[in-house]
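From the two separate chains plus the hints, produce the assembled complex.
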Amino acid sequence: MIPGDVVTLLLETSLALTPDQLLELKAMYGLDRPVFSQFVGWWASVLQGNLGVSFRTGLPVLGQILYTLPVTLELTLLAFIFSIAAGLAAGTVCAIKQNSKLDIGIRVFNVLGLSIPAFWLGIILILCLVYAGIYKVGYVSITADPIKNLMVMTPAAIVLGIDLTSLISRMNRASLLDVLRQDYIRTARAKGLPERLVLLKHALKNSLIPVVTLAGNEFGRLLGGAIIVEEVFSIPGVGRLLLRATYDRDYPLIQGIILVTAVSFVLLNLLVDLLYTYLDPRIRY
Amino acid sequence: MTVLGFLRDRASQSIRLIGHNKVALTGTIIIVGILLMILLADVIAPYDPEKQFTRLVPPCSEYLLGTDRLGRDVTSRLIYGGRASLMVAVVSVTIAMAVGVPIGLISGYFGKTLDNVLMRIMDVIFSLPALLLAITIVAILGPGLLNAAVAVGVSYVPRFARITRGPVMSVKERPYVEAARAIGASSRRIVFKYVLPNASSPIIIQTTLALSSAILAEAAISYLGLGVQPPTPSWGSMLNEAKLYLFIAPWLSISPGIAIVFTVLGLNLLGDGLRDVFDPRLRRRL
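Sequences listed follow chains A and B, in order.
So the first sequence is numbered by the numbering used here: it starts at 1 and just counts up by one.
So the second sequence is numbered by the numbering used here: it starts at 1001 and just counts up by one.
Here chain B stands alone, though its shape is the one from the complex (with noise of 0.2 Å):
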């Protein structure tokens, strides 16, 4: 069985589990009503987000979260600004995970000498704070849409290998690879073939928790000014441009806070349910 042949076989089957989990169901639901916002941006944004109106009126019905400081109408904002916000978690967390999970296979398959140097490379990543990591890459890259990607990614590069090490390192013991291995199949086979299929539940789960702080960062990097740059809008962005009228249109601070909540709400219950899904033992615990 491929890998891609197993996570087709483990999505049905998840899918089907997810179905009976009230907690990861919630999240699911949460999170495919968010994506098809951005996706139908087109069609249920009431205005263009860069089109300019009457400035910084209060929420009516006219403009149902009210217009920001050049009369730009902010729920049209709030529905592009989720593609930004969101791509940047997508990319990020793409980047962790291609760099990340080969780490984790590789150190964790062969062990030795090339795992403690790999380790320590993630330990040397993983002691600076995430944040200020992602900072600091922004700082030397410049501010930037992918370069908030880029930065995110790297930050979160030791989540991923450290996640895959440890399953590999035990799933690699076992008898069915032992097996493999007796009737001569090559390493890269046995890998992908054995190793990363049956050690790939907490790389899911671990997908949708760092898409969830990829999110959460990309607003903070924004909120500083450092990642997605105007007239773009991205929930961290406008949160930044609010900022200045915090007293004077509090309702320009408020709206974006509240979609970044909501969207990393269903990462993280959606997160928390597939654990459950795929680690019953954990499953009276949290």
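Chain A extracted, bound-state conformation (with noise of 0.2 Å):
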């Protein structure tokens, strides 16, 4: 841990104390055993619950994250439900109305959302809104007043969702184009299905599978996304957590953050292929 450790970072900024000083403040927080027994103990804790208390503030860990986390699942459940939505909408009417204008004029747009990067695309549109005077900067929790804290979440929401929005479009596109050739859709149409209900009931809950694979693996990226929207739209979630702990080189509350994350990370993954069997009860566990 080559940058300094939380001792000498809080020596810089506050008073300063004798080497003695120093030496009983590293044995307070563990800093002065080796790694490997840093590790260990942090593991034997963690396994008794126990995630530490941050270096920084003297909080405990799990609590701050626990605080944060609900922020962080709200900003990217809605950009994943602004995602599925968006994507699934564009890639049908991309897969019905094939080559014709409005196919090419998405598929342009799902390249274009997949090249520009979140947080840019964050900074324009608050810029945009706040001349436009519908933005104000500043979070509000939802229980204290829903609609100011939609007023923030939406627009972050769907910056964060836009390169989601563009891969689901284009994967929906692409199986439901090849779902819509197969045998039984044909079938389905001489038999004198209207064209609704062939394409609600038979052509898209078969297109569906390759979209909720693609889906599930890359609900991660927004977990990813979400520190650097949260920081651009100053939102007090688990990404701006991490972030100050990043700064603060606090590793308790860096350390927490990575395995809750990567926890909640494998437990939506194990969900995705639960939805599987729904989907196509052809998959058996």
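Read the hints as simulated data drawn from the structure, not as lab findings.
Where a beta carbon is used, it is the ideal one built from N, C-alpha and C, also for glycine.
Some hints could be false.
[As the list claims (entries may be wrong)] Derived CB-CB ranges, DEER-like:
| no. | chain 1 | residue 1 | chain 2 | residue 2 | range |
| --- | --- | --- | --- | --- | --- |
| 1 | A | Gln-38 | B | Tyr-1245 | 38 to 48 Å |
| 2 | B | Val-1032 | A | Tyr-247 | 36 to 46 Å |
| 3 | B | Ile-1258 | A | Gln-98 | 27 to 37 Å |
| 4 | B | Leu-1064 | A | Leu-112 | 19 to 29 Å |
| 5 | B | Lys-1051 | A | Leu-112 | 29 to 39 Å |
| 6 | A | Val-130 | B | Ser-1012 | 51 to 61 Å |
| 7 | A | Ile-134 | B | Gln-1052 | 32 to 42 Å |
| 8 | A | Val-130 | B | Leu-1039 | 50 to 60 Å |
| 9 | A | Leu-193 | B | Thr-1113 | 44 to 54 Å |
| 10 | A | Ser-37 | B | Leu-1064 | 28 to 38 Å |
| 11 | A | Val-35 | B | Ser-1012 | 43 to 53 Å |
| 12 | B | Pro-1230 | A | Trp-43 | 19 to 29 Å |
[To be verified] Just so you have them, the derived chain A footprint on chain B, three or more residues with Cβ under 8 Å:
| no. | segment |
| --- | --- |
| 13 | 1218-1224 |
| 14 | 1268-1275 |
Quick look at the structure:
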């Protein structure tokens, strides 16, 4: 851990200490022990449900994460819902009207969506919204004022979800085009089913399988992206907590956040695998 | 045919095919343009990127994209900034390839326990979002251009391992590999002479796509102040410096973003185009 530790950092900012006091302080945080022993000690306490105490604030790590987690969950969930709704709609329109002007327009939009850095889009969006007078910088908790909360969260969620939207729209277009060529679609049409029913009941349900895989795998993209989008929109979520911890070299806090994120990521992938069996009953575990 | 010879043949063949593919051609033109811009930076940049003039001048004929908070010409910084941004991207993708491709080769070719062990290690790295992992690595190594490249590189290793392993597993069952084994070729010879060349298309496609996401990652990390450090310009660090002046000098936040979008767009178009060229089955799909 090269760039200094929290003790030296604290010293730069607060009062001067004698070398003896310095050692004492390091011993208090356990920074004088070998890295390996620190690591084993950390795991031992994690298994007992204790993620340790933040170097910087002295507050329990778990409490700080649990306090900020709902904010990030709200953001990523909003972004996820937006991506799925917009991506599915756009992809379906593309597949039905293949090679029309609308199709080409959406595809150009998709490539752009994958090329724009989310945080930059956020900066530009804030700039536009503030000039238009419909955005006020500053986060309000959803329990305090749901409408003000959504005024901040909605643009943030759209920005966060923009690349996933493009991915889903692309994938849905490709897989729906594939499905629409299958024999059972011709059969459904031949027996006189209305087109709407053919599309919704026969085509979309089958074309959704690769889309679900993609959406599940890319949910991590949202968790990663949330770090930077939260920073741009000043939303006090886990991402911002991680950034503060990184700047402060608050190792217990960093470790705790990484652990919680990785675990939620793995659980999410499990959920996606379970969702398959519903969409495609041929798959069994 | 060796890997290099194969790549040479493949390259001339690809160039011909890319010429016929509008998407790939557009991407190539954008990328070549940007490469020329940063290679000829000394010639085309109007000023020294660190020379100071009047502060916060909006875009005008003298300073095409304005000047920043220290009075440096944004146009020149943008041109030189491309160097740092692309360097981080190239170094990180090189690291990811140098580690990931051999892992994929070994895993796919030898299979069994080794495959299981290597792929589970990849799964562990994959179980963290790439940006989160990169930020964590930078947090450990300390901020800086090279550390950012290492961080992004490490987080992209599993991508290359996975993309290599799949085709290797199918190619190794082909009759010509069996034939090579029958005449007594060593594993090393088979892997490098027959398996790798025939499994290379997805790796080439993945390289362009990884480059584009590495540029986005560098921008994000530098924007957070953890990547390229001042006074060296990079597109991400320029956006970081512009942060506090968003409403006073919005032009500082706009031009680096557009440079990033263009470069990433070029690489994405090239990657999509290459996929069409190498894998005609997918042509109509995307």
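To see whether the hints hold, each was checked on the structure:
Separated by about 41 Å at the C-beta atoms, Gln-38/A and Tyr-1245/B satisfy the suggested range of 38 to 48 Å. Between Val-1032/B and Tyr-247/A the CB atoms are about 39 Å apart, so this pair conforms to the stated range of 36 to 46 Å. At roughly 31 Å, the beta carbons of Ile-1258/B and Gln-98/A sit within the given window of 27 to 37 Å. Between Leu-1064/B and Leu-112/A the C-beta distance comes to about 24 Å, which sits within the given range of 19 to 29 Å.
Distance hint for Lys-1051/B and Leu-112/A: a CB-CB separation of about 35 Å, consistent with the stated range 29 to 39 Å. Between Val-130/A and Ser-1012/B the beta carbon distance is about 53 Å. The supplied range of 51 to 61 Å therefore holds. At about 37 Å, the beta-carbon gap between Ile-134/A and Gln-1052/B stays in the expected band of 32 to 42 Å. Between Val-130/A and Leu-1039/B the C-beta distance comes to about 39 Å, which lies outside the given range of 50 to 60 Å.
Checking the proposed 44 to 54 Å range against Leu-193/A and Thr-1113/B shows it holds: the Cβ atoms sit about 52 Å from each other. Checked against the hint of 28 to 38 Å, the C-beta distance between Ser-37/A and Leu-1064/B comes to roughly 58 Å, which is inconsistent with it. Checking the proposed 43 to 53 Å range against Val-35/A and Ser-1012/B shows it holds: the Cβ atoms sit about 52 Å from each other. In this structure the supplied range 19 to 29 Å is violated for Pro-1230/B paired with Trp-43/A, their Cβ-Cβ distance being about 38 Å.
Taking a C-beta to C-beta cut-off of 8 Å, the segment 1218-1224 of chain B contributes 4 residues in contact with chain A, enough for the three needed, and the coverage statement holds. Check result for the segment 1268-1275 of chain B against chain A: holds, 3 residues qualifying (beta carbon to beta carbon below 8 Å, three or more required).
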